[in-house]
Amino acid sequence: MNAIVQIPSTADAGRRAAGLQPAISVNRLNKFYGSFHALRDIDFQVAQGEIVVLCGPSGSGKSSLIRCINHLERHDSGSIHVNGMELTRKASDVARVRRQLGMVFQSFNLFPHMTVLDNCTFALRRALRMPAAQAEALAREYLAKVNVANQADKYPAGLSGGQQQRVAIARALCLKPSIMLFDEPTSALDPESVGSVLRIMEELAATGITMVCVTHEMGFARRVAHRCVFMENGAIVEDAHSAEFFRNPRSDRLKGFLAQVL
Amino acid sequence: MNAIVQIPSTADAGRRAAGLQPAISVNRLNKFYGSFHALRDIDFQVAQGEIVVLCGPSGSGKSSLIRCINHLERHDSGSIHVNGMELTRKASDVARVRRQLGMVFQSFNLFPHMTVLDNCTFALRRALRMPAAQAEALAREYLAKVNVANQADKYPAGLSGGQQQRVAIARALCLKPSIMLFDEPTSALDPESVGSVLRIMEELAATGITMVCVTHEMGFARRVAHRCVFMENGAIVEDAHSAEFFRNPRSDRLKGFLAQVL
Amino acid sequence: MHYDPILAWQSMPDLLAGTATTFAVLLPVLVLGLLLALPIALARLETGPKAKAAAGYIAFFRGVPSLVLLYLVYSGLPQLSIVRDTFLWTFFSNAYFCAWVGLTLTHSGYMAEIIRGGLAAVPTGVIEASTALGLTPRQTLFRLRLPMAARYVLKAYQNELLIMVKSTSAVSAITLVDLTAAANTVFDYTYDPFTPLVTAAAIYWCIVNLMRTGFTLADRKLNRHLART
Amino acid sequence: EKLVLGNEGSYPPFSMVDASGKLTGFEPELAREMCKRMNVECDIVVMDFKGLIPALLQNKLDAVATQTKPLPERKAKVLFGRPILFNPDSYVVKADKDYTFTREGMKGVRIGLQRGSAQAKYIDEQFGDAVEVVFYDNPDQIRLDLTSGRLDMSLGPKISWTNEFLTKPQGQGWKFAGGDLWTGGGEQGSSWIARKNSQELLDRMDKTIDTIIADCTFTKLRKQFMEVELLPEEAACR
Amino acid sequence: MPQMGFVEQLGIGALMTIQVAVLSYLLALAIGTVFALATLKRRLPVDVIWQTYASIFTGVPSLLVAFLFYYAGSGMIASLFSLVGLSVTVDVSPFAAAVAALGMVYGAYLADIIRSAIQNVPPGQFEAARVLLVPRPTAWLFVILPQVLRLALPAMTNMWIVVLKDTALISLIGLKEIMAYAKLASGVTKEPFIYYMLASVFFLGMTALTYVVSQRIEQWTQRGYRPVAAKERAHAL
Ligand SMILES: Nc1ncnc2c1ncn2[C@@H]1O[C@H](COP(=O)(O)OP(=O)(O)OP(=O)(O)O)[C@@H](O)[C@H]1O
Ligand SMILES: Nc1ncnc2c1ncn2[C@@H]1O[C@H](COP(=O)(O)OP(=O)(O)OP(=O)(O)O)[C@@H](O)[C@H]1O
Ligand SMILES: [Mg+2]
Ligand SMILES: [Mg+2]
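Heads up: the protein sequence lines correspond to chains X, R, D, G and V, in order.
Each step along the first sequence adds one to the number in this note's numbering, with nothing skipped, and position 183 is 171.
Each step along the second sequence adds one to the number in this note's numbering, with nothing skipped, and position 92 is 80.
Numbering-wise, this note's numbering comes out as the position in the third sequence, counting from 1, plus 16.
Numbering-wise, this note's numbering comes out as the position in the fourth sequence, counting from 1, plus 1.
Numbering-wise, this note's numbering comes out as the position in the fifth sequence, counting from 1, plus 1.
With the rest of the complex left out, here is chain X (with noise of 0.2 Å):
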């Protein structure tokens, strides 16, 4: 089921190949929230196709992390860019680049009062003002893909916790993003429901979508990242191919750390 991926990424995250533009290229980014030091200096890749998983003790920053790519949070200081795009403070700079991402929450974050149908057409029909038709098609096109198609006319508050955050896949997937963020999707779930999630996320990454996501299933890391990058304190302690990243943990903090997980 694991994607036979394009372009192998190499650990030093810092100088890449030449030739393909990253995905993701993140720049000596700096976030303060007040006088808290959030994000410290953080230079990151990601390539065209890879999978990126972050994980980190909590209050490390890897949600803020996120969630500066997406402008979710403003960064201070140095740069972001996605697809080659500037990420800027221009609200239309912001618009194109939030086109090419994604996002997947840890609360799923589906919108209460709308039916799960309507919660994946909202954005198709507002955002991107498509036909009522072609978007509902579209977007039972995706629930069928992550298997909550017979949900379609249900409140989220009507399904498992599961079911709600494969919603919300499907929700970022309609808008064909070819990013896709994820933030601790499997935390709020019970132990049957993370199976579920986790599956399709494999199935995801298996089409040679980028994906860059947050989490502690170290399951689902050895298996199917093609990095994992380790946060502490603001700062990413190491960067390295997942399975060198199991096998070989250089600093001590990231010892200790998968020792407590696994």
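Heads up, a few of these hints could be off.
To be verified - Below, a list of computed lysine to any residue pairs in the SDA-like style, where the Cα atoms sit at most 20 Å apart:
| no. | chain 1 | residue 1 | chain 2 | residue 2 |
| --- | --- | --- | --- | --- |
| 1 | X | Lys142 | D | Arg167 |
| 2 | D | Lys171 | V | Leu38 |
| 3 | X | Lys243 | X | Val225 |
| 4 | G | Lys37 | G | Leu222 |
| 5 | D | Lys171 | X | Pro100 |
| 6 | G | Lys3 | G | Glu30 |
| 7 | D | Lys171 | V | Arg43 |
| 8 | D | Lys171 | V | Thr158 |
| 9 | D | Lys171 | V | Pro136 |
| 10 | X | Lys243 | R | Ser181 |
| 11 | V | Lys191 | G | Asp49 |
| 12 | V | Lys191 | G | Gln173 |
| 13 | R | Lys164 | V | Pro136 |
Since the hints were derived computationally from the structure, they do not count as laboratory data.
Use these hints to put chains R, D, G and V with the ligands onto chain X, whose structure you have.
What follows is chains R, D, G and V with the ligands alone, placed relative to chain X:
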């Protein structure tokens, strides 16, 4: 760290060796929510000092069973005995049985408007009418046991999830119950906090207290539990020594379940 | 003291005319108040001078009795020559117009606070999801935040509306004969306080309970997603 | 013996509350004099005019010491004592306007009246819907609206309109018109009132007031508050 | 210029307004709490009583309720007592009628507010108190009430301001509150605006005071709740 247990349990929970009174004895218990049959003819015994882990898919009735035992839900037929006392609907019986039981919830349920110390002394002072100074000393002792002594004057919202759950455990222990019930105590926690709570539970197990614990932490079950019980659709499907439970799952459903969560 | 059905029947045309006046005052006020409240609520959610100004507006118009506000608009403003001697007078000479202005100000003060509460209750995560899906802030506001806020504040809005229906009777102070005033007129002529007031109370009761039913239906429709299965 | 009397409290100079909070004006003073002579303890309760008769009927008051016109529907409910004053009504119109007070002449005129008053009833009977009537809770508002231009005219008691409007700066340019009118069934005097079952009390009050008028105390009291004579009997005290 | 004498009277009226408002509000709180607790679980007889009560008292203007109590109250009380065979004559004072009317009307509104606040206290809080053997009254008082207060306070504060302002409507039953004095003073002095403005200043002052006090109470009820981090206003218009 693991305790030497006085009474080895037998896998055949229905007929326990005579002599010592069982801590919990549930017989032919049935529970309905409206017309929904949530617990079906449950027979379930826990010996004094025994550590039992309850597991099973979501909705299988694990919480319902735990909640019937301390009368947070009324059972519809069958009987429940705790340390030999029958649990009826009489308020005095309910109170007597609850005196034996400590309960720890998935979502901690700390009182948000009281400090950690007040959370622990509240029941001592209001329910047991213990003098303030004595209650405080006792509370501090138990807070120290769960390694949160230095947080005593903070409010729950200022603590991490793991710390909150340990406070909840201390709060329950203050009342010196002879049996502790845990309902998924770690599933609302981040991966690193899980460790700290499981460690406290292991230490607690080593003191010889009786424990019934709903959890999907199979590592914990393997290391600490004497017996594991698997429920599905409101019925107990397997009930075995924990070594046996993991090595030789008899039913297909348990095999499938273990494959998912391990 | 007893209820006089004949008097009640005879005074019915007057009371119904009063009811019509009540609605003629009320309906524009509800619409205008809502429209005015929205930008104030949004300003209140920001920080800085705009929020302060909005807070001041809300505090002032919620605090001043609407009776005083009506007097001020109806009898106070004509003392100013820019009102008295310009085209404005064509509006302010009309008691209905004054009633609309006065009550709209009061109503918008309350509504701004209600709307603010509703908007603040929309989970940030949902707003972020909409943002991440590429909706503009304006689309997010009108398509998502307001519809969700409306669901949260339905009960508060119902209360405000019911209180508003009844406090419309303050307009009798500026010569409009609303339902309460009509009942009072009958009372003035007959010295029977009981019959006309109970009849008026019955009409109010019908109006209010129609509204309550309407709200129950709206609640059922809007909050379908909360229905337990 | 104790009597509870009702009084309007906001109809200067007949009845008002002064800056020290004391109820004063011609009627309260007259009532106090009456009580003194009747040798009873009196409690004068201030209440909205339209609350007075209902309160009287509900036994909350023993009598009402506020001038009340003997309209037929009032006479059906309460007893009227001897007249306290004769206060004809008259139209108040712009000084430069002349109206003929017929249905045709009054067509489209905006007239301000007190809600529930005898004048309101009179206008309704005389002109029906030919005129546009605007109702007010108190006469001060009518005066404000006359000057602001919302109204063409009003109809009201001459004494108070003279005192409160025509002799004041804002009343410049306004005049009485249409002569003296006795609205409210044509009866001329306004009286104090009591419940139907209090004939005996009312008789005692009337007798006492007769003595007050006879020894000119009435006129003395009246002069503290206004110039115009209220009763023909006052001629004897000039 | 306002005359000091009339200003003093306004002050007396203001005191009356505050008395009526405070007593009415306390009565409304009591009624609201009783109904909120009684209707927490849906039970048919209680539900019927509550629905009838709510529909009447939210359906009829408080002024009319006050009127009815004032004029027909004695009769109603007498007939209530005659049911149990007692003959009682009670004279309903304007004050009692006003307090009863406002209390019963706003009790209906407060019941809704309080009930939904109780329902929004996480059920786990009740359960935690139960398993800790805390007696029910103690749990309500020390665990639930502070949390209910936190949730209901804004709406309760609103209702207080509404009650305060509604006292002005009942001068018609002879209750001399501040607006009645403003009316009297402007009737005598022919300077309406000054006294109505003063009355408004009183109401604005009370609203401001309410704000300050409610902020205090809010701080108290918010203890332990982390201040919500002021997120970037990316979503505002
Ligand atoms: N809006 C905010 N205002 C202030 N501080 C914030 C804000 N959001 C996050 N932080 C702080 O920034 C740090 C990094 O937070 P972030 O959410 O990125 O961590 P994380 O790695 O995603 O942690 P977790 O695993 O708990 O989600 C934390 O210390 C957090 O307290
Ligand atoms: N109060 C209730 N009313 C109606 N149905 C209920 C109620 N509580 C639980 N149920 C139903 O009873 C069944 C058993 O629920 P229970 O909470 O005991 O399951 P569980 O094994 O604890 O599941 P989980 O792992 O999700 O906590 C579920 O189908 C649930 O929907
Ligand atoms: Mg995070
Ligand atoms: Mg459960």
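Hint by hint, here is what the structure shows:
1. Proposed proximity of Lys142 of chain X and Arg167 of chain D is supported: the alpha carbons are some 18 Å apart, at most 20 Å.
2. Of the supplied pair hints, the one linking Lys171 of chain D and Leu38 of chain V holds, its CA atoms being roughly 18 Å apart against a limit of 20 Å.
3. Annotation: proposed proximity of Lys243 of chain X to Val225 of chain X holds, straight-line Cα distance about 12 Å (limit 20 Å).
4. With a C-alpha separation of about 14 Å, the suggested pairing of Lys37 of chain G with Leu222 of chain G holds against the 20 Å cut-off.
5. The hinted pair formed by Lys171 of chain D and Pro100 of chain X meets the criterion: a straight-line CA distance of about 18 Å does not exceed 20 Å.
6. This hinted pair checks out: Lys3 of chain G and Glu30 of chain G have alpha carbons roughly 17 Å apart, not beyond 20 Å.
7. A threshold of 20 Å between alpha carbons decides the hint, and for Lys171 of chain D with Arg43 of chain V the separation of about 19 Å falls inside it, so the pair holds.
8. With a C-alpha separation of about 16 Å, the suggested pair Lys171 of chain D and Thr158 of chain V falls inside the 20 Å cut-off, and the hint holds.
9. Simply put, Lys171 of chain D and Pro136 of chain V have alpha-carbon atoms about 33 Å apart, too far for the 20 Å limit, and the pair is violated.
10. Our distance criterion of 20 Å between C-alpha atoms is met by Lys243 of chain X and Ser181 of chain R, whose separation comes to about 17 Å.
11. Taken as a hint, the Lys191 of chain V and Asp49 of chain G pair is honoured in the structure, with Cα atoms around 17 Å apart against an allowance of 20 Å.
12. Between Lys191 of chain V and Gln173 of chain G the CA atoms are separated by roughly 17 Å; this keeps the pair inside 20 Å, and the hint holds.
13. Of the supplied pair hints, the one linking Lys164 of chain R and Pro136 of chain V holds, its CA atoms being roughly 18 Å apart against a limit of 20 Å.
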